[in-house]
Amino acid sequence: MTAKPHLDREHARHLLGQMLRIRLFEERCAELYTQQKIRGFLHLYVGEEANAVGIACALSAADSIVSTYREHGHALARGIAMGPLMAEMYGKANGTSAGRGGSMHVFDRATRFYGGNAIVGGGLPLAVGLGLAEKLRGGAGVAVCLFGEGAVAEGEFHESLNLAALWKLPVLFVCENNLYAMGSAIERTESETAIFRKAESYRVEAHQVDGMDVVAVEVAALGALERIRGGAGPQFLECMTYRFRAHSMFDAQLYRDRAEVERWKERDPIRRFGDWATASGLLHVADIEALREAASAEVDAAVAFAEAGAWEPVEDLCRHTLMDAVPA
Amino acid sequence: MTTTYREAIKQAIRDALNRDERVFLMGEDVGRYGGCYAVTKGLLEEFGEARIRDTPLSESAFVGAGIGAAMAGLRPIVEIMTVNFSLLALDQIVNNAATIPHMSGGQFAVPLVIRMATGAGRQLAAQHSHSLEGWYAHIPGLKIVAPATLEDARGMLWSALEDPNPVLIFEQVNLYNMEAELAADAGAVPLCGAAVRRAGRDLSLVTYGASLHKSLVAAQLLATEGIEAEVIDLRSLRPLDDATIMASLARTRRILVVDEGWRSGGISAEICARVAEQGFYDLDAPPARLCGVEVPIPYPKHLEDAAIPQVETIHAAALELVRPSGRST
Amino acid sequence: MPSLGADMEKGKVVEWLKKPGDPIARGDVVAVVETQKGAFEIEAFEAGILGEILVPVGVEAPVGAVLARIDGPGAAPRPAMAAPAPPRPAIQPVASPPPRPAQIATGRPRISPAAARRAIELGVDTRGLSGSGPGGAIAIADVEAAARKPAAPQPSAPPTGTPGPRRGFDPAAMRQAIATAMARSKREIPHYYLSLPIDMGIASEWLAAENARRDVERRLLPAALLLKAVALALRAVPELNGFWVEGAPRLSPSIHVGWAIALRGGGLMAPAIHDADRLTLDQAMAALRDLTTRARVARVRGSEMMDPTVTVTSLGERGADSVFGVIYPPQLAIVGFGAPRITALPVGDAIRPRPVVQATLAADHRASDGALGSRLLATIDRHLQRPESL
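Chains as they are written, first to last, in the working numbering: chain A, 1 to 328; chain B, 329 to 657; chain C, 658 to 1047.
These aren't lab readings, by the way, just hints derived from the structure by calculation. Check each hint, because a few of them may be wrong.
Here are the computed distance ranges between Cβ atoms for each label pair [what the hints assert, rightly or not]:
#1 A/H6 to C/D728: 26 to 34 Å
#2 C/R841 to B/R651: 23 to 31 Å
#3 B/N423 to C/G792: 49 to 57 Å
#4 C/R975 to B/E605: 51 to 59 Å
#5 C/R875 to B/S592: 38 to 46 Å
Keeping only pairs whose Cα atoms sit at most 20 Å apart, straight-line, the calculated SDA-like set for lysine to any residue is [claimed, not checked]:
#6 A/K265 to C/D685
#7 C/K667 to C/I706
#8 A/K265 to A/G281
#9 A/K135 to B/A575
#10 C/K667 to A/K168
#11 C/K669 to A/F250
#12 A/K168 to B/A366
Facing chain B, from chain A, some residues (calculated, C-beta under 10 Å) [claimed, not checked]:
#13 S60
#14 G95
#15 G101
#16 G116
#17 A127
#18 L130
#19 H158
#20 S160
#21 L163
#22 M240
#23 A286
#24 A290
#25 R292
#26 E293
#27 S296
#28 A325
For each residue, glycine too, the CB sits at the ideal point set by N, CA and C.
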């Protein structure tokens, strides 16, 4: 029997609250980037929140996550504290990676968050390895691998799917298909645009999910994880979603239609879920406001935390290049 | 006891598998086939499929999987059949293995060992004859070693597995059959540190891998001509053992680096730069190097032989260094 | 003007979507800016009333410049917004240059090769010199400074094995250095002397015929023949080609002939012509010409000074009959050629006037004896009788 989320008031608040935290964090990052507090590349998750939250809710503490450079939402949903996350964006020593990684390289040992990765497709083999380790140890954890549909063009996608399937590894592959790999629409880069079919060709059970519906994502994730824990081998979810903002900050979005963006905005996962929750009486408007205010305050505190953080001294430049010991 | 370089490595793998349950080996044809160079022959029967894993031809995926498994606390040995195929996994090695400890601010280590065969000499032509260990030695975050003796073949794997950092072990294809004496209880050897394989006073011959043995033979030839060459086996290309090299140079005043890889931007260039930085005032002659000729390795034997250092060319280069024949402008 | 990317430096306002007095909500798009990547919508991060527009349409502004003010209630000015942030606060440590790897300390005096060469050119004894280079190493500047010092006390032995050539403009220093070297030579080397008159008639005729066929620039001088003859003869008698080192002869496999060149204003140097035995006559002539020219302007290379394995001194066309040289330590021999004299010699049945050059040898008796020395001179003679084979 497939587990279903128990959609009570508490859980509804949790789902909405998490999505709001992500939304407000990302919006604030955009502002900070224009003020040059955040530098380099910044890839925002606005519009895709339902994926991160739906998946994260289905996970256990024993599971691991490998993600991409668009990983802030995953990080927050997984439980990485917002202060250190913002400090990492700033590059401060009190950031998640002591500021060494920045926006694209968020890591957290405590929550088994094995990295944002700046190379499209680069994380898939890592997830296979995490799954392999779990299997060799006889553990019950699942390696969750999040990636965009752009990764599907890379050889590493195919190698990783094949290997995971061949060795029946406990890996959940989640493709967040937002229809654009940077500026390349999927019709222009994939001969087969139904991504889930590619997974099926490797004999991996695959499902397509409405990625703008947080409950649908959670249900799909729970089902997939249960099958993996039951020994079915790897599973694949293709979450159909959309990013409301550009690929990164310095992207003029010449490749897509303003009208298309507006159409997808009407399916905003936060508004949709909020509307449904209030309509079905699960939540009041006041609840939603309270959640929004709490998230806003949390973001303010995170910025203050980051602003107050110190810069690593230049003398420590070469720290962490080589390790003295494997961290316990 | 008399054994081979190949057997020494196999014994090292066996030791590791027995000693530490976190260790497992994966790569192409390591199990059923017994290993492309027969290093792992018989290990599948001894240790089973879980620990001796045959992989599909997916270098990027299985090297990345090794990285992931190492991050998760296991101690994988990944065998890439040869350095030539490692290029398919370059992204994983350079962008993940070498960087994750740093990018994670020290949260995750990558205690991964990658073994690869390297070198030319079997008429396998350009795509199968690279010596790219010098290239890899460019990357911070990696450790690069090149065992050339049985003690090192046997003992470096142990130390590599103990090291919390990714270690790339370059085994020389031409040495697998090399026979020598090795103590039955030979154990771990340090990963770093160059070794003076032959003491001498007239020049320092700095080399590694298969070129070591050619250099030793050349040194014997030179001795008959009254030239005593000091032969240094680098053992580790990253980090390099500057102290041993410079101490030798201080005694001999002349240095010849022998490297099968190409000279442009290779490890020989790095050594010469360090010699200039640290041993400038002890040089009695410019630092010399003998490297692979800058040509993709050709197929016909006479051309292949001419493309890489040989006993004769090492001897000639050393002679020229010590007794220059022409204008010394 | 927001920063939208690391390589964005400025933008041009192409449209204002709000005008002064309009209410602004957070997230509203207020303007459109053109950059190298295309047009971007500029959103407001504050709520309020749009106040003064500072950068109108069509004007470019750098990142960080204020485009417009937002006034009014609810617009709590956040410090972050106010400053067109220079990216980093005071943390801009003046990076000291990365520490250079240290030169290993061996306790030996340190001098750069270039400085060593310069010391030879200038006749400077580098022992005891203090250096301004890394780790106290002696550099060119130190050598030149020492050379300018008046009358430095002379050491009892020359600084290197071969006596230094001196620059033409410092004849006093050069004479002093030569004096030192020659004195040492006489003191330490047991010289023995041999001479042999060589009939240069055949060589002269051959030379005349050769030169008649050649343009002026390519004509050969007798010196070229002498040089080649000596070099080839040393192949046959290698015991006279090399050095006396640490109590034993160390013969050289290569034959680098030091050719004595008198300098204008006094002074003498004998720089090497390398592998003289392997040169053609044309090459030998070119080398002699080149070397003489450079020696006279003191543009001789250090290696040319250090490398001679034997020396030849020729008096040329005019001068004494013979010259017995003083060996340049640590070489083993010096060959001399006097000026040609017309001498009556038996040729066949008759007495003929022939040009005769006295060839001499001064050699180190520790390394060779009269028999060997004679053999050398005789071989030189033989070569000069067959100039076409030189």
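Outcome of the hint check:
1. Between A/H6 and C/D728 the CB atoms are about 49 Å apart, so this pair departs from the stated range of 26 to 34 Å.
2. Between C/R841 and B/R651, the C-beta spacing of about 27 Å keeps the proposed range 23 to 31 Å intact.
3. One distance hint, 49 to 57 Å for the beta-carbon pair B/N423 and C/G792, is violated here, with the actual separation near 40 Å.
4. Range check, C/R975 to B/E605: about 55 Å between beta-carbon atoms, so the 51 to 59 Å window is met.
5. C/R875 and B/S592 have their C-beta atoms about 41 Å apart, which keeps the hinted 38 to 46 Å range intact.
6. With a C-alpha separation of about 15 Å, the suggested pair A/K265 and C/D685 falls inside the 20 Å cut-off, and the hint holds.
7. Our distance criterion of 20 Å between C-alpha atoms is broken by C/K667 and C/I706, whose separation comes to about 25 Å.
8. At roughly 24 Å between alpha-carbon atoms, A/K265 and A/G281 are farther apart than 20 Å, so this suggested pair is violated.
9. Simply put, A/K135 and B/A575 have alpha-carbon atoms about 50 Å apart, too far for the 20 Å limit, and the pair is violated.
10. For the hint pairing C/K667 with A/K168, the CA-to-CA distance comes to about 53 Å; that exceeds 20 Å, so the pair is violated.
11. Annotation: proposed proximity of C/K669 to A/F250 holds, straight-line Cα distance about 15 Å (limit 20 Å).
12. With a CA separation close to 28 Å, the supplied pair A/K168 and B/A366 exceeds the 20 Å bound.
13. Proximity of A/S60 to chain B is violated relative to the hint, the smallest CB-CB distance being about 16 Å (cut-off 10 Å).
14. With a cut of 10 Å, the hint placing A/G95 at the interface with chain B holds, because the nearest CB-to-CB distance is about 7 Å.
15. Of the supplied interface hints, the one on A/G101 holds, with its beta-carbon coming within about 4 Å of a beta-carbon of chain B, less than 10 Å.
16. Proximity of A/G116 to chain B holds as hinted, the smallest CB-CB distance being about 9 Å (cut-off 10 Å).
17. Taking 10 Å as the C-beta contact cut-off toward chain B, the hint placing A/A127 at the interface holds, the least distance being around 6 Å.
18. With its C-beta approaching chain B no nearer than about 5 Å, A/L130 sits inside the 10 Å limit, and its interface hint holds.
19. Satisfaction of the interface hint for A/H158 is found here, the shortest Cβ-Cβ separation to chain B being roughly 8 Å, below the 10 Å cut-off.
20. Interface hint at A/S160: satisfied, since its Cβ lies 5 Å from the closest Cβ of chain B, which is below the 10 Å cut-off.
21. Because the smallest distance between the Cβ of A/L163 and any Cβ of chain B comes to about 5 Å, under 10 Å, the interface hint for this residue holds.
22. For A/M240, the interface hint is violated, since its Cβ never comes within 10 Å of a Cβ in chain B; the closest pair sits about 26 Å apart.
23. Hint status for A/A286: violated, given a least beta-carbon distance of 40 Å to chain B, over 10 Å.
24. A least Cβ separation of about 34 Å between A/A290 and chain B goes past the 10 Å threshold, and the interface hint is therefore violated.
25. Hint status for A/R292: violated, given a least beta-carbon distance of 32 Å to chain B, over 10 Å.
26. Of the supplied interface hints, the one on A/E293 is violated, with its beta-carbon coming no nearer than about 32 Å to a beta-carbon of chain B, more than 10 Å.
27. A distance limit of 10 Å between C-beta atoms decides the matter here; for A/S296 the minimum to chain B is near 28 Å, and the interface restraint is violated.
28. Taking 10 Å as the C-beta contact cut-off toward chain B, the hint placing A/A325 at the interface holds, the least distance being around 5 Å.
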